[in-house]
Structures are given as C-alpha cells and as structure tokens.
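Put together the whole structure using the sequences plus the hints.
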Amino acid sequence: SQTIHQWPATLVQPVGSPLSLECTVEGTSNPNLYWYRQAAGRGLQLLFYSIGIGQISSEVPQNLSASRPQDRQFILSSKKLLLSDSGFYLCAWTRGERGTDTQYFGPGTRLTVL
Amino acid sequence: GQQVMQIPQYQHVQEGEDFTTYCNSSTTLSNIQWYKQRPGGHPVFLIQLVKSGEVKKQKRLTFQFGEAKKNSSLHITATQTTDVGTYFCAGLAGNMLTFGGGTRLMVKP
Chain P
1 SQTIHQWPAT
11 LVQPVGSPLS
21 LECTVEGTSN
31 PNLYWYRQAA
41 GRGLQLLFYS
51 IGIGQISSEV
61 PQNLSASRPQ
71 DRQFILSSKK
81 LLLSDSGFYL
91 CAWTRGERGT
101 DTQYFGPGTR
111 LTVL
Chain H
1001 GQQVMQIPQY
1011 QHVQEGEDFT
1021 TYCNSSTTLS
1031 NIQWYKQRPG
1041 GHPVFLIQLV
1051 KSGEVKKQKR
1061 LTFQFGEAKK
1071 NSSLHITATQ
1081 TTDVGTYFCA
1091 GLAGNMLTFG
1101 GGTRLMVKP
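Protein sequence lines correspond, in order, to chains P and H.
Residues 1 to 114 (the numbering used here) are what the first sequence spells out, left to right.
Residues 1001 to 1109 (the numbering used here) are what the second sequence spells out, left to right.
Rather than coming from a laboratory, the hints here were simulated on the basis of the structure.
Among these hints, one or two may not hold up.
[Said to hold, decoys possible] Over 10 Å on every C-beta distance to chain H, these chain P residues come out as not near it, computed from the model:
1. 1
2. 14
3. 62
4. 72
5. 77
6. 83
[Claimed, not checked] Stretch by stretch, here's where chain P covers chain H in the computed footprint (C-beta under 8 Å, at least three residues):
7. 1043 to 1057
8. 1101 to 1107
All of these numbers come straight from a predicted model, not from anything done at the bench.
Glycine residues also receive a C-beta, built at the ideal position from the N, C-alpha and C atoms.
Right, here's the structure in full:
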C-alpha cells in the first residue's frame, strides 16, 4: 500500500530564517506531487505541483520554492521566512492528473513563524 | 480565474439534526471531489462526482452534482459527533483543480 510522509510535524521558526520541509511517498512510482498551504480555519491553497523529477510548476508567487530531487521526494524551501508563511503545509500525491484522481494527503507540517 | 465558493463557512448542529454544505463554481466543472478534514488532521478523500445530475450515497452522506455541473452539495442525515470536521469540495475545470474554502461542522452532543 501507498503511504505519504511529511516532516517535521511541527516547526517554530523566527522571521528571516530558512525553511526546508520534506515529503516522501512510498509504494508507488511516478506520482504527481503537490504542496498546499492552509491558513488557520481556511481552505487549501495550491503552492506547487510536480509531474516528474526536476519538473516544478508554481501556482502563486511567493518567497517559497520547491524541488523534486528524486521520484518520490518533494521538498518545500524558503531562504527567509515571513510572518505570513505561518500555516499548515500539506503534501499530496495522485497517480493520475490532478483533479481526475484522488488526492492523498500527508499528515502535514504546522509551521509557526515568530 | 476559476472560483469555488462553499457555504456556509461554519455550521453548528445538535446531534441528530441534518446538515448540508453547498459548493458553487464560477465555471462548468468536469468533476467535483469532496474531502473531509478532522480537527488537527489532513483532508481525506470522500467521493468524486462526474456526471451531470449525479447522486451518490455513502451511509448517511448524500452527494449531488448539479445538472449544469456548476454546483454540488453534501447532505448528512442525522449527524453524529464523529461527523465533526471541515468538509471541502474541489472542482476541476480544464486542468485547474480548485478547492472551496470549506464548511466547518460542529456537532453538539
């Protein structure tokens, strides 16, 4: 069976510090991978998606970046965090194209920027 | 761009009462998905609707896709405390999947 991991589970970082969140998927190959952000009590905002190694599409301009160094690894980064980067970061994967297939979400990382 | 609106944003119900959340899209959708997110958890897929006018049931949950494929609803009959959480719809138009803002359901025992 397929599983998706995210770490860390929670993170408290000062403004201006760097960020690296990691997501890995097990039990499948060539997944489509996604990073979402959810502000407290709000909906899901798609940040990045990837259909393959080294292929990243950005949905919104921001000070975040994403990379996919391996088939089942997706990393979300920032060089300098802003207060507005606080939120719940969710990684997700699909077998097929986004929207035509079920999105499987990871457990998420709660980021607080102080 | 495509917008997907969900109403209400919050809903308090007494256990045993029914609950409905509505999802409306600014554009015609190819399909619509529904997800449930328990407090402190991550979204979990519930169902996908594809056909115009489609109705699907999962125990006490009934999902409908509008005839024009621009709206959808989720109805829960006789809510239970285990139904607590936020329910999201996500609509696909072209290659854009857009999530609604969610409806947070709170159930008083």
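Classify the label on residue 14 (chain P) as holds or violated, using whether its beta-carbon is more than 10 Å from each beta-carbon of chain H. Since the minimum Cβ distance to chain H is about 24 Å, residue 14 (chain P) lies beyond 10 Å and the statement holds.
Is the nearest CB of chain H more than 10 Å from the CB of residue 83 (chain P)? Check passes; 22 Å lies beyond 10 Å.
Verdict on chain P covering the stretch 1101 to 1107 of chain H, where coverage means 3 or more residues with a C-beta closer than 8 Å: holds (count 3)
Measuring Cβ to Cβ, find out whether residue 72 (chain P) lies farther than 10 Å from everything in chain H. Holds, since 18 Å exceeds 10 Å.
8 Å C-beta test of the stretch 1043 to 1057 of chain H against chain P, three or more residues: With 4 residues closer than 8 Å to chain P, the stretch 1043 to 1057 of chain H meets the three-residue bar; holds.
Could you let me know if the closest chain H CB is still more than 10 Å away from the CB of residue 1 (chain P)? holds (15 Å)
No chain H beta carbon within 10 Å of residue 77 (chain P)'s: About 21 Å separates residue 77 (chain P) from the closest Cβ of chain H, which puts it past 10 Å; holds.
Confirm or reject: residue 62 (chain P) is not an interface residue toward chain H, with every Cβ-Cβ distance exceeding 10 Å. Holds, because the least Cβ-Cβ distance between residue 62 (chain P) and chain H comes to about 17 Å, which exceeds 10 Å.
Figure legend: structure checked against the earlier numbered hints; every hint is met.
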